[in-house]
Amino acid sequence: MNSLALIIFAPLMMSLVQLFFGKRFRHLEKFTTAGGVGLAALLSIRNLASALHGHGAFPLAFSFSWFGFGGLRLGFHADNLAVPMLAMVSFVSLFVHIFSVGYMHGHPRYSRFFSYISFFTFAMLGLVASDNLLFFFICWELMGLCSYLLIGFYFEERTACLAAIKAFLTTRVGDVLFFIGIAALYGATGSLRFEEIARAATGGLIGQKALLFASLCILAGTIGKSAQFPLHGWLPDAMEGPSPVSALIHAATMVAAGIFLIARTAPFFPSAAMYAVIGVGSFTAFFAATMALVNRDFKKILAFSTISQLGYMLAGIGLGATAAGLHHLLSHAFFKALLFLGSGAVLHAVHTRNVDEMGGLAEKMPWTCATMYIGAFSLAGFPFLFSGFYSKDEIIGAALLFAAVSHRHAYLSPGILVAGKILSFLPFLLLLAAAGLTAFYTFRMMILVFHGEPRDRHRWEHAHEQPPTMIVPLVVLAFFSTAAFTFAFREPIETFFGSGTKESAVAAGAEVAHHFAMIASVIVGLGGIALAYAIYFFRKIPADFLMRNPQGRFLYDLFFRLYWTDEIYAGIARGAVALARRFGLFDRRGIDRIVDGTAPPLVSTSRFSGFIDLYVVDFFVNLTGDVTRALGRLARALQTGRIQDYALGAMIAVILLALWIGL
Amino acid sequence: MIGRIDLASIMPEILLLFGTTGLLLVRPPRRAAGILSLTTVVLSFWATLPQWIGTRALFGGTYVTGPFPAAFKAAALLGTAVAIVIVFLDKRLQEHIPEANALILFTACGALLLISARNFLLAYLAFEMLSVSSYALVGSRPGEIKSAEAGLKYAVFGGAASAFLLYGISLLYGMTGTLQYGLVGPVLSSGAGIVAVLFVFVGVMYKLAAAPFHYWSPDAFEGAAPSIAGYLSVVPKIAGFAFLIFLLDFLGDSRAFLALLTASAFLSMTYGNLAAIAQKNVPRLLAYSSIAHAGYILVAAGTLGTSGRFAVFFYLAAYLFMNLGAFLVTTVVAPTGAISEFRALSRRNAFLAFAMAVFLFSLTGLPPFGGFVGKLFILSAAIDRGAWFLIAALVVNTVISLYYYARILKEMYLEDGDETPFPASATARFCVGALTAGVFLLGIAWSPVAALLQRIT
Numbered sequence: 000m001n002s003l004a005l006i007i008f009a010p011l012m013m014s015l016v017q018l019f020f021g022k023r024f025r026h027l028e029k030f031t032t033a034g035g036v037g038l039a040a041l042l043s044i045r046n047l048a049s050a051l052h053g054h055g056a057f058p059l060a061f062s063f064s065w066f067g068f069g070g071l072r073l074g075f076h077a078d079n080l081a082v083p084m085l086a087m088v089s090f091v092s093l094f095v096h097i098f099s100v101g102y103m104h105g106h107p108r109y110s111r112f113f114s115y116i117s118f119f120t121f122a123m124l125g126l127v128a129s130d131n132l133l134f135f136f137i138c139w140e141l142m143g144l145c146s147y148l149l150i151g152f153y154f155e156e157r158t159a160c161l162a163a164i165k166a167f168l169t170t171r172v173g174d175v176l177f178f179i180g181i182a183a184l185y186g187a188t189g190s191l192r193f194e195e196i197a198r199a200a201t202g203g204l205i206g207q208k209a210l211l212f213a214s215l216c217i218l219a220g221t222i223g224k225s226a227q228f229p230l231h232g233w234l235p236d237a238m239e240g241p242s243p244v245s246a247l248i249h250a251a252t253m254v255a256a257g258i259f260l261i262a263r264t265a266p267f268f269p270s271a272a273m274y275a276v277i278g279v280g281s282f283t284a285f286f287a288a289t290m291a292l293v294n295r296d297f298k299k300i301l302a303f304s305t306i307s308q309l310g311y312m313l314a315g316i317g318l319g320a321t322a323a324g325l326h327h328l329l330s331h332a333f334f335k336a337l338l339f340l341g342s343g344a345v346l347h348a349v350h351t352r353n354v355d356e357m358g359g360l361a362e363k364m365p366w367t368c369a370t371m372y373i374g375a376f377s378l379a380g381f382p383f384l385f386s387g388f389y390s391k392d393e394i395i396g397a398a399l400l401f402a403a404v405s406h407r408h409a410y411l412s413p414g415i416l417v418a419g420k421i422l423s424f425l426p427f428l429l430l431l432a433a434a435g436l437t438a439f440y441t442f443r444m445m446i447l448v449f450h451g452e453p454r455d456r457h458r459w460e461h462a463h464e465q466p467p468t469m470i471v472p473l474v475v476l477a478f479f480s481t482a483a484f485t486f487a488f489r490e491p492i493e494t495f496f497g498s499g500t501k502e503s504a505v506a507a508g509a510e511v512a513h514h515f516a517m518i519a520s521v522i523v524g525l526g527g528i529a530l531a532y533a534i535y536f537f538r539k540i541p542a543d544f545l546m547r548n549p550q551g552r553f554l555y556d557l558f559f560r561l562y563w564t565d566e567i568y569a570g571i572a573r574g575a576v577a578l579a580r581r582f583g584l585f586d587r588r589g590i591d592r593i594v595d596g597t598a599p600p601l602v603s604t605s606r607f608s609g610f611i612d613l614y615v616v617d618f619f620v621n622l623t624g625d626v627t628r629a630l631g632r633l634a635r636a637l638q639t640g641r642i643q644d645y646a647l648g649a650m651i652a653v654i655l656l657a658l659w660i661g662l
Numbered sequence: 000m001i002g003r004i005d006l007a008s009i010m011p012e013i014l015l016l017f018g019t020t021g022l023l024l025v026r027p028p029r030r031a032a033g034i035l036s037l038t039t040v041v042l043s044f045w046a047t048l049p050q051w052i053g054t055r056a057l058f059g060g061t062y063v064t065g066p067f068p069a070a071f072k073a074a075a076l077l078g079t080a081v082a083i084v085i086v087f088l089d090k091r092l093q094e095h096i097p098e099a100n101a102l103i104l105f106t107a108c109g110a111l112l113l114i115s116a117r118n119f120l121l122a123y124l125a126f127e128m129l130s131v132s133s134y135a136l137v138g139s140r141p142g143e144i145k146s147a148e149a150g151l152k153y154a155v156f157g158g159a160a161s162a163f164l165l166y167g168i169s170l171l172y173g174m175t176g177t178l179q180y181g182l183v184g185p186v187l188s189s190g191a192g193i194v195a196v197l198f199v200f201v202g203v204m205y206k207l208a209a210a211p212f213h214y215w216s217p218d219a220f221e222g223a224a225p226s227i228a229g230y231l232s233v234v235p236k237i238a239g240f241a242f243l244i245f246l247l248d249f250l251g252d253s254r255a256f257l258a259l260l261t262a263s264a265f266l267s268m269t270y271g272n273l274a275a276i277a278q279k280n281v282p283r284l285l286a287y288s289s290i291a292h293a294g295y296i297l298v299a300a301g302t303l304g305t306s307g308r309f310a311v312f313f314y315l316a317a318y319l320f321m322n323l324g325a326f327l328v329t330t331v332v333a334p335t336g337a338i339s340e341f342r343a344l345s346r347r348n349a350f351l352a353f354a355m356a357v358f359l360f361s362l363t364g365l366p367p368f369g370g371f372v373g374k375l376f377i378l379s380a381a382i383d384r385g386a387w388f389l390i391a392a393l394v395v396n397t398v399i400s401l402y403y404y405a406r407i408l409k410e411m412y413l414e415d416g417d418e419t420p421f422p423a424s425a426t427a428r429f430c431v432g433a434l435t436a437g438v439f440l441l442g443i444a445w446s447p448v449a450a451l452l453q454r455i456t
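Top to bottom, those sequences are chains A and B.
Numbering-wise (numbering that gives the first Met the number 0), the first sequence opens with residue 0 and increments by one.
Numbering-wise (numbering that gives the first Met the number 0), the second sequence opens with residue 0 and increments by one.
Hints were generated in silico from the structure; no laboratory data involved.
There's no promise every hint is true.
Examples of chain A residues toward chain B, derived with CB under 8 angstroms [to be verified]:
hint : residue
1    : Phe19
2    : Phe228
3    : Gly232
4    : Val521
5    : Thr627
6    : Gly640
7    : Gly648
8    : Ala652
9    : Ala657
Once the Cα atoms are required to be at most 25 angstroms apart in a straight line, the calculated SDA-like pairs of lysine to any residue come out as [unchecked claim]:
hint : chain 1 : residue 1 : chain 2 : residue 2
10   : B       : Lys279    : B       : Thr419
11   : B       : Lys409    : A       : Gly631
12   : A       : Lys299    : A       : Ala369
13   : B       : Lys145    : A       : Leu633
14   : B       : Lys145    : B       : Val155
15   : B       : Lys409    : A       : Cys160
16   : B       : Lys279    : A       : Gly648
17   : B       : Lys145    : A       : His513
18   : B       : Lys409    : A       : Phe19
19   : B       : Lys90     : B       : Ala444
20   : B       : Lys279    : A       : Arg632
21   : B       : Lys145    : A       : Thr639
22   : B       : Lys409    : A       : Thr627
23   : A       : Lys420    : A       : His513
24   : B       : Lys145    : A       : Arg632
25   : B       : Lys145    : A       : Gly631
26   : B       : Lys90     : B       : Leu77
27   : B       : Lys409    : A       : Phe20
28   : B       : Lys90     : B       : Ala31
29   : A       : Lys299    : A       : Thr201
30   : B       : Lys279    : A       : Leu630
31   : B       : Lys279    : A       : Thr623
If you want the ones that stay clear, here's a sample from chain A, every Cβ over 12 angstroms from chain B, calculated [as the list claims (entries may be wrong)]:
hint : residue
32   : Asp78
33   : Leu292
34   : Leu561
35   : Gly631
36   : Ile642
All values derive from a computational prediction rather than experimental measurement.
All residues carry an ideal CB built from backbone N, CA and C; glycine is no exception.
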């Protein structure tokens, strides 16, 4: 037991206190959970600092044994991966707490809200520090539960309920596969600890096919939790939840848990599984960015952008640049939390999520606007001054490096080599294109919200700046979205996560690739921003230029209707139902005839068994109940209250016992 | 051979006797009496600390100290300390705090002696010391006919049981000419030896309130003040199980004794739980539940071996917190003991209702509370031993027990009733909080306790 235990369990304790006694402390409720999370933040930042001052490796661990089955020990350890994550999670959570004090003010389930997000924080911290798959999975599911509860927090509204159910069921698909993967690993290695599984895998103790199977199952878990293609549909709908929840759970932490899972398990992923990771990640990064281009819902734009950025992180880890992927995870957590909280501040002021009804809010909400600009620059990868630029750049550089050295992976026949070479450039191109799209949609969103003529006068007039409890978190998070974050943390991140490239031979190549990637992404990013300004701010290019021709129209529809994925899934569901009906028809026409023939004898048999059921089975079932009650009555009857009877009872007992032992 | 008189080793008992005498002579006012008794217990606890290191036999081997007995003593003294606080809070004993405390300290002294005794004569004397002061405690509710009746019944029944024990002991003495525990082993399988074993067994089971020698306990618990009932359900039981454990060092070879233990374990669990279903008085309900718990612990004791001893002690430790906690809340909330007094407690005093729920869940054996972990240890010891019949009985009984514990929960949380706030004194809140914390601690962070115990058992 040490500070790690306190970091993990303080939020849990406070959450439970809040849940059970929240109403008692009417005026303290905002302090209890924030206090627990604040303590966790303080301690984890202290841990981070002492880990930095000490040596690179800083394993802070405690473990306890639970149920003595199969030598299972549940442990926590704050290793290189976990220490910065713990600090980030508790820190962001703390500021989301503070923001929520103002945002949720006056809500009837105010204290329950804090209890939920504090409980969520516990689950996320536990997951990050868990050293084994079992506890990891438990926390994973607890977060799923919290996510469900919080998406549906406004359960008076039907859309919120439906979104909560959708999120729960969609992620469940991944969770089940993830659990199968865990079972497969346990079956193959007899252990659930990451360390031991990795040792067994690298030592060749697990068959390659089993390992590939397990790895793909784990990837499926990540796809569900991190809303990657094809299980991405729940995240935009999850925006029905309160904005601070979107900031904490659906941007900064829970969805990042899937990425963290891959970072944890990557050491034993076979290379084929790594290709799948790259494929899913880079495709989703591009795919989600296109959907954000035309959306009109403030929070959904941010949701698509989150999916896209998570794709970046996944691709980064798949490309072997774990440090880059996690660096992006950390910097993204800050600027995306900032953007979501900012969007929350705006919604609080105008009571709509539709960007068509906003506009011109900059003068009404200067602080929100200024801080959100910092977040937007960071998300768009504006060069040099903002944290997002550096972390995204590393991933794009890694993708280019991957393409450049891909001949090393070309174990395929020479005929396919050329095709493989082209294919290996695909992640780089997708990620680079996505960077351009990101810059464009981010500034499209910012301009539509904050500049131009107010499109809804009434809402604009009622808009107002938010109280300090909501502005201060924005300012703090904005600070961490600038390059200050990068300069403070780049070195630790490299020490902690290991440098992006493992082989020194390619280090020189890495340098070149990174410089090239940086130039390319600066051009693309600035281009995207410039285009957004040209269209929406200066109106040099008409906004509906896409609609002018049928192909453009088609593209617009494609993006706006989210590639019809919701319809496709609904279609699949309908197809399944129709197929079931068809089978049913066949059943009735074909098989039933045969079955019907067997009916008369069956009916008489079932009459008989019904009789047995009624008079024999039920008799015994009722008998158990009756006997229990009768025994209870008997037991009571024995206790007559007369001492003579007691003494007699004891004497009879002695005699019976003497008989029992065979005297 | 008479050993060197080693006063330091029996200092805990001496201190308790001093405390008793002091209380009776001075008869201080209520608060001072409480503080004086608590101080005595703390000093006595402090005096047991040296016993954690090394095993020592005193007075010709009749009295043995060591880490395992010291653990039992620590538990007994902790229970005594809590009981003193509960008695202090009991509205119906206000006028008689010094006497009640004196009797409690005297009982505790008997418990400590019984834990360390390794000689039948000393054990018998300690046993009587424990019993006689218990009779007085049960009858100590002033001016209540029910209390006096309960005390008298308890005394009569106890007298009969103690006669059995004494007869068993004298048979053993007659056959072997010695009263040392270990030296009577060879004669146990003879006919007279089996009779002696049976009689000793009766005495022990009476002290544990295990079926079929439990008759006294429901009446005694209902008649006594709830605070006293809580004390009697815990501390004498700890001493009784210590007595049993050390007897088993040599009686474990006797097949008859083990058969008796199995029978008693099964009967206690089943009888206790079934009878509890119909109860409407909370102390009486808890009395039956404590018969059932004695049955659970007997399952562990019957498995012998270190894992069994460990399970016995761990369960007793958890039981100490949860049972005293339940009695404490009952004392504060329902002085008459009627279940209806718990109605709507969650709205009247959410903290007490929550704590009571924790105690009841723990008594049922649900995670993450101490009772669950204790039950897990008992089951694991029984599985090692292959006692499948008792395991099945224990599991079925656990399910039954949920039914009557849940009735109190229902009363507290679901029933509508008078919702005027029910304030509890700071002492009560502190004590309830500490016991709740203990139950949680043993249910979540039990590994250090387990590690310590595994070293000494």
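So, going through the hints one by one against the coordinates:
The criterion of a C-beta within 8 angstroms of any C-beta in chain B is met by phenylalanine 19 of chain A, whose closest approach is roughly 6 angstroms, and the hint holds. Checking phenylalanine 228 of chain A against chain B by beta carbon gives a least distance of about 39 angstroms; that is not within 8 angstroms, so the hint is violated. Using the Cβ-Cβ criterion of 8 angstroms, the hint placing glycine 232 of chain A at the interface with chain B is not satisfied: the shortest such distance is roughly 36 angstroms. Look at valine 521 of chain A: its Cβ only gets to about 53 angstroms from chain B, farther than 8 angstroms, so that hint breaks.
For the restraint placing threonine 627 of chain A at the interface with chain B, the shortest Cβ-Cβ distance is roughly 7 angstroms, inside the 8 angstroms limit, so the hint holds. With 8 angstroms as the threshold, the beta carbon of glycine 640 of chain A comes within range of chain B, its nearest partner Cβ sitting at about 6 angstroms, so the hint holds. With a least beta-carbon distance of about 6 angstroms to chain B, the hint placing glycine 648 of chain A at the interface is held under the 8 angstroms criterion. Checking alanine 652 of chain A against chain B by beta carbon gives a least distance of about 4 angstroms; that is within 8 angstroms, so the hint holds.
Interface restraint check: alanine 657 of chain A against chain B, minimum CB-CB distance 6 angstroms, threshold 8 angstroms, status holds. Pair hint lysine 279 of chain B plus threonine 419 of chain B holds up; C-alpha atoms about 23 angstroms apart against a cutoff of 25 angstroms. With a CA separation close to 21 angstroms, the supplied pair lysine 409 of chain B and glycine 631 of chain A stays within the 25 angstroms bound. About 21 angstroms separates the Cα atoms of lysine 299 of chain A and alanine 369 of chain A, which keeps this hinted pair within 25 angstroms; it holds.
Simply put, lysine 145 of chain B and leucine 633 of chain A have alpha-carbon atoms about 23 angstroms apart, close enough for the 25 angstroms limit, and the pair holds. Distance restraint check for lysine 145 of chain B and valine 155 of chain B: the Cα-Cα separation of roughly 15 angstroms lies within the 25 angstroms cut-off, and the hinted pair is therefore satisfied. Annotation: proposed proximity of lysine 409 of chain B to cysteine 160 of chain A is violated, straight-line Cα distance about 30 angstroms (limit 25 angstroms). For the hint pairing lysine 279 of chain B with glycine 648 of chain A, the CA-to-CA distance comes to about 24 angstroms; that is within 25 angstroms, so the pair holds.
For the proposed pair lysine 145 of chain B and histidine 513 of chain A, the alpha carbon gap of about 90 angstroms is over 25 angstroms, so the pair is violated. A distance of roughly 17 angstroms separates the Cα atoms of lysine 409 of chain B and phenylalanine 19 of chain A; the hinted pair therefore holds under the 25 angstroms criterion. As the CA atoms of lysine 90 of chain B and alanine 444 of chain B are separated by approximately 35 angstroms, the hinted pair breaks the 25 angstroms bound. Taking the CA atoms of lysine 279 of chain B and arginine 632 of chain A, the gap is near 13 angstroms; set against the 25 angstroms cutoff, the hint holds.
A C-alpha spacing of about 15 angstroms is found between lysine 145 of chain B and threonine 639 of chain A, which places the hinted pair at or below 25 angstroms, so the restraint holds. Distance check on the hinted pair: lysine 409 of chain B and threonine 627 of chain A sit about 21 angstroms apart at the alpha-carbon level, within 25 angstroms; holds. A threshold of 25 angstroms between alpha carbons decides the hint, and for lysine 420 of chain A with histidine 513 of chain A the separation of about 19 angstroms falls inside it, so the pair holds. A C-alpha spacing of about 23 angstroms is found between lysine 145 of chain B and arginine 632 of chain A, which places the hinted pair at or below 25 angstroms, so the restraint holds.
For the given pair, lysine 145 of chain B sits about 24 angstroms from glycine 631 of chain A by alpha-carbon distance, which is consistent with the 25 angstroms threshold. At roughly 22 angstroms between alpha-carbon atoms, lysine 90 of chain B and leucine 77 of chain B fall within 25 angstroms of each other, so this suggested pair holds. Of the pairs offered as hints, the one joining lysine 409 of chain B and phenylalanine 20 of chain A holds, with about 19 angstroms between alpha carbons and a cut-off of 25 angstroms not exceeded. Proposed proximity of lysine 90 of chain B and alanine 31 of chain B is supported: the alpha carbons are some 17 angstroms apart, at most 25 angstroms.
Under the criterion of a C-alpha separation no larger than 25 angstroms, the hint pairing lysine 299 of chain A with threonine 201 of chain A is inconsistent with the structure, at around 42 angstroms. In summary, the hint linking lysine 279 of chain B to leucine 630 of chain A is supported, as the alpha carbons are separated by about 17 angstroms, within the 25 angstroms threshold. For the given pair, lysine 279 of chain B sits about 23 angstroms from threonine 623 of chain A by alpha-carbon distance, which is consistent with the 25 angstroms threshold. Look at aspartate 78 of chain A: its CB is around 22 angstroms from the nearest CB on chain B, clear of 12 angstroms, so calling it non-interface holds up.
The beta carbon of leucine 292 of chain A sits about 49 angstroms from the closest Cβ of chain B, which is more than 12 angstroms, so the claim that it is off the interface holds. Every beta carbon of chain B lies more than 12 angstroms from that of leucine 561 of chain A, the smallest distance being close to 43 angstroms; the non-interface claim holds. The Cβ of glycine 631 of chain A sits about 5 angstroms from the closest Cβ of chain B, inside the 12 angstroms cut-off, so the non-interface label is violated. With a least CB separation of 5 angstroms from chain B, isoleucine 642 of chain A falls inside the 12 angstroms interface cut-off, contrary to its annotation.
The structure does not agree with the numbered hints 2, 3, 4, 15, 17, 19, 29, 35, 36 stated previously, though it agrees with the rest.
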